[in-house]
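Trainee: The residues making up each chain are set out below.
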Amino acid sequence: MKALVQDEATRLTARVDKEQLEKMASVVLGGALLTLGLQRRSLGGTVMALASSGLLYRGLRGLRQLTSSPRDRREEGARTETPSVQHAITIGKPADELYRLWREPGTLAQVMSHFAELSTTSAEYTHWRVSGPLGQDLEWDTRIEEERAGELLRWESVEGALLPNQGLVSFRPAPGNWGTEVTLHLDFQPPGGALGEAVMTRLLAVPDLLVNRALRRFKSLAETGEIPTTERNPSARQGAHLH
Amino acid sequence: MRALCWNGINDLRVENVPDPEIVNPRDVILKVTMSTTCGSDLHFIDGYIPTMREGDVIGHEFMGEVVEVGHEVKKVKKGDRVVVPSFIVCGNCWYCQHDLYSLCDNTNPKPEVQQATFGQPTAGIYGYTHAFGGYAGGHAQYVRVPHADNDCFLVPDGLKDEQVLFLSDAAPTGYMGAEFCNIHPGDTIAVWGAGGVGLMAMQSAYLLGAERVIAIDRFPERLQLAREKAGAETIDYTQVDSVVEVLREMTGGRGPDACIDAVGMEAHGMGLEYAYDRAKQALHLHTDRGEALRQAILACRKGGTLSILGVYGVMDKFPLGSIMNKGLTVRTAQQHGQKYVPRLLEHVQRGELDPSYLVTHRFPLEDAPRGYEMFKKKEDGCVRSVFIP
Numbered sequence: 000m001k002a003l004v005q006d007e008a009t010r011l012t013a014r015v016d017k018e019q020l021e022k023m024a025s026v027v028l029g030g031a032l033l034t035l036g037l038q039r040r041s042l043g044g045t046v047m048a049l050a051s052s053g054l055l056y057r058g059l060r061g062l063r064q065l066t067s068s069p070r071d072r073r074e075e076g077a078r079t080e081t082p083s084v085q086h087a088i089t090i091g092k093p094a095d096e097l098y099r100l101w102r103e104p105g106t107l108a109q110v111m112s113h114f115a116e117l118s119t120t121s122a123e124y125t126h127w128r129v130s131g132p133l134g135q136d137l138e139w140d141t142r143i144e145e146e147r148a149g150e151l152l153r154w155e156s157v158e159g160a161l162l163p164n165q166g167l168v169s170f171r172p173a174p175g176n177w178g179t180e181v182t183l184h185l186d187f188q189p190p191g192g193a194l195g196e197a198v199m200t201r202l203l204a205v206p207d208l209l210v211n212r213a214l215r216r217f218k219s220l221a222e223t224g225e226i227p228t229t230e231r232n233p234s235a236r237q238g239a240h241l242h
Numbered sequence: 000m001r002a003l004c005w006n007g008i009n010d011l012r013v014e015n016v017p018d019p020e021i022v023n024p025r026d027v028i029l030k031v032t033m034s035t036t037c038g039s040d041l042h043f044i045d046g047y048i049p050t051m052r053e054g055d056v057i058g059h060e061f062m063g064e065v066v067e068v069g070h071e072v073k074k075v076k077k078g079d080r081v082v083v084p085s086f087i088v089c090g091n092c093w094y095c096q097h098d099l100y101s102l103c104d105n106t107n108p109k110p111e112v113q114q115a116t117f118g119q120p121t122a123g124i125y126g127y128t129h130a131f132g133g134y135a136g137g138h139a140q141y142v143r144v145p146h147a148d149n150d151c152f153l154v155p156d157g158l159k160d161e162q163v164l165f166l167s168d169a170a171p172t173g174y175m176g177a178e179f180c181n182i183h184p185g186d187t188i189a190v191w192g193a194g195g196v197g198l199m200a201m202q203s204a205y206l207l208g209a210e211r212v213i214a215i216d217r218f219p220e221r222l223q224l225a226r227e228k229a230g231a232e233t234i235d236y237t238q239v240d241s242v243v244e245v246l247r248e249m250t251g252g253r254g255p256d257a258c259i260d261a262v263g264m265e266a267h268g269m270g271l272e273y274a275y276d277r278a279k280q281a282l283h284l285h286t287d288r289g290e291a292l293r294q295a296i297l298a299c300r301k302g303g304t305l306s307i308l309g310v311y312g313v314m315d316k317f318p319l320g321s322i323m324n325k326g327l328t329v330r331t332a333q334q335h336g337q338k339y340v341p342r343l344l345e346h347v348q349r350g351e352l353d354p355s356y357l358v359t360h361r362f363p364l365e366d367a368p369r370g371y372e373m374f375k376k377k378e379d380g381c382v383r384s385v386f387i388p
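Note that the protein sequences, when read in sequence, are chains A and B.
The opening position of the first sequence corresponds to residue 0 in numbering that gives the first Met the number 0, with each subsequent residue numbered one higher.
The opening position of the second sequence corresponds to residue 0 in numbering that gives the first Met the number 0, with each subsequent residue numbered one higher.
Bear in mind the hints are in silico, worked out from the structure with no lab data behind them.
You can trust all of the hints, since none of them are fake.
Below, computed lysine to any residue pairings styled on SDA-like, alpha-carbon distance capped at 20 Å:
1. B:K375 with B:P219
2. A:K92 with A:T106
3. B:K73 with A:L220
4. A:K92 with B:Y94
5. B:K30 with B:F362
6. B:K338 with B:N181
7. B:K316 with B:V243
8. B:K74 with B:I21
9. B:K375 with B:R217
10. A:K92 with B:G90
11. A:K92 with A:G224
12. B:K375 with B:I8
13. B:K73 with A:I226
14. B:K74 with A:G224
15. B:K73 with B:P341
16. B:K376 with B:N9
17. A:K92 with B:D98
18. B:K279 with B:G312
19. A:K92 with B:Q96
20. B:K325 with B:V243
21. A:K92 with A:S169
22. B:K376 with B:Y47
23. B:K30 with A:R231
24. B:K228 with B:L158
25. A:K92 with B:N91
26. B:K30 with B:M0
27. A:K92 with B:W93
28. B:K375 with B:F362
29. B:K73 with A:G224
30. B:K76 with B:P24
31. B:K279 with B:I48
32. B:K228 with B:H360
33. B:K375 with B:P49
34. B:K375 with B:R361
35. B:K159 with B:D79
36. B:K279 with B:Y47
37. A:K92 with B:L99
38. B:K76 with B:T32
39. A:K92 with B:H97
40. A:K92 with B:L102
None of these values were measured; they are calculated from a predicted model.
The task is simple: from the sequences and hints, build the whole structure.
Mentor: What follows is the structure in structure tokens.
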């Protein structure tokens with residue numbers, strides 16, 4: 000798998016130099032996040048509507064302040080801020096059951112389908128593909144680095160990923176009959192450069208929505224067997240239901 | 000199919016839209032037989048609630064016949080005649096398990112919008128903004144109903160559409176509002192607003208054992224319905240100096256034991272406070288006019304209950320000191336319809352409740368914009384317009 004990724008990187012570097020590559024990765028990621036707001040399965044339309052009223056903006060700023068560490072803020076001027084996002088949700092099922100569901104092939108692909116196309120290549124490896132603008136894609140592989148059944152799962156992108164990232168999901172029994180508190184943490188290390196910085200600064204809010212929605216989708220899948228959707232929702236304006 | 004679509008502030012049109020499809024395995028498709036207007040629709044039609052999109056199909060009170068069934072649907076069958084509560088609920092989450100259905104965790108596909116504004120997201124609603132999920136509504140020939148086994152209620156044979164249509168929202172909302180009042184024998188319940196929800200709240204208060212119900216409104220035809228159909232005493236607030244004083248006098252100086260606000264953010268009123276609310280709302284400094292709610296707080300007896308059914312957004316000038324010092328209990332929610340529909344169906348079957356008098360005007364779906372216009376302006380004594388696709 001690692002070799003594959005390196006091959007891909009080598010193939011790309013044959014055409015563009017490293018700096019261009021990084022810029023492209025930034026643009027593709029930025030585009031991918033932006034298209035969250037323009038495409039199907041997206042957040043943007045509704046987000047824009049509320050942002051115009053100023054309410055969501057405040058909400059997101061609050062989250063941003065909560066989730067960016069002092070280190071991030073110190074380094075803000077020097078380098079692109081590292082989007083590091085964490086959210087928790089309570090799910091009315093035992094931790095063991097949720098852990099098993101998370102590990103089932105296909106679950107993660109369903110839960111993340113608003114953001115990326117996922118395919119499980121083996122028990123440890125997952126392939127991620129994020130669609131960017133103009134048909135460009137950003138792809139990477141993650142490998143499970145740590146697993147404790149019923150407790151936590153940690154993964155990292157394999158070496159050579161254009162957008163290094165890591166994730167952690169943990170399961171902790173909730174009080175009373177609430178079930179389990181599930182926490183999802185994602186870190187992205189976007190490529191440097193002014194462009195990368197601009198894109199990430201502008202779009203810093205989006206990983207928040209990504210993590211939040213992924214958790215909600217997982218919860219609905221666990222509790223009801225399906226994920227709520229307005230796909231193919233009747234509307235008089237093409238695309239109006241896509242927001 | 001044909002459907003009533005929102006296209007901007009005060010711009011509703013009946014248009015061609017794609018037919019709904021089964022998307023999730025617990026969905027059914029309903030052929031709508033009747034749907035109705037609701038006062039809360041006016042909030043987004045008038046532009047006070049954001050997150051509508053051009054082309055959205057609206058309508059959250061409807062009933063119909065099941066024509067298609069998803070493969071995980073167990074109880075509901077093709078051909079069933081059903082009424083559907085306006086909130087889409089999963090039946091499995093903690094909130095559903097505790098009968099707090101409108102707080103369902105699993106039916107709003109766009110939860111971040113409400114999370115940012117309310118702190119936590121609530122359930123999805125049909126045809127009621129993208130903050131509430133963005134689901135297509137029921138003023139249409141067909142509608143998709145998710146989680147059908149929890150959300151479709153079989154209509155007993157022999158009942159007419161207009162007898163059960165309002166069990167989708169107005170009746171359970173009113174019933175819940177009366178239940179919030181924790182009614183004891185001898186209690187007097189005052190209800191602000193004699194529209195569909197208010198009238199249902201008045202009748203429910205009697206069903207739950209209230210001794211007296213007092214209705215506050217200004218439209219003669221609605222006050223007449225309150226008297227004749229709901230058995231309430233009435234106050235026309237345009238004809239009195241102070242509703243609060245009149246209520247106090249009517250109750251031996253105590254005030255009503257519980258007060259139900261069935262008005263919401265577009266309350267009408269008189270005098271300076273109303274002018275203040277109206278001006279601020281027009282300038283978008285706040286979304287709500289709270290005249291009725293403030294009266295209810297001041298009128299309520301010490302230690303009484305304030306039951307808020309009206310839909311609110313962001314309101315200032317909320318007399319918390321009156322609530323605190325008088326020790327009022329505040330109960331409020333969007334309707335937990337799935338809890339109340341079965342018992343309301345029984346009341347209707349036994350002839351104890353017949354909401355069909357709320358239907359004052361009938362239209363084919365094609366004339367729905369006119370139906371909303373009449374409803375909004377209360378033309379010709381319109382209480383509810385219903386649409387027949």
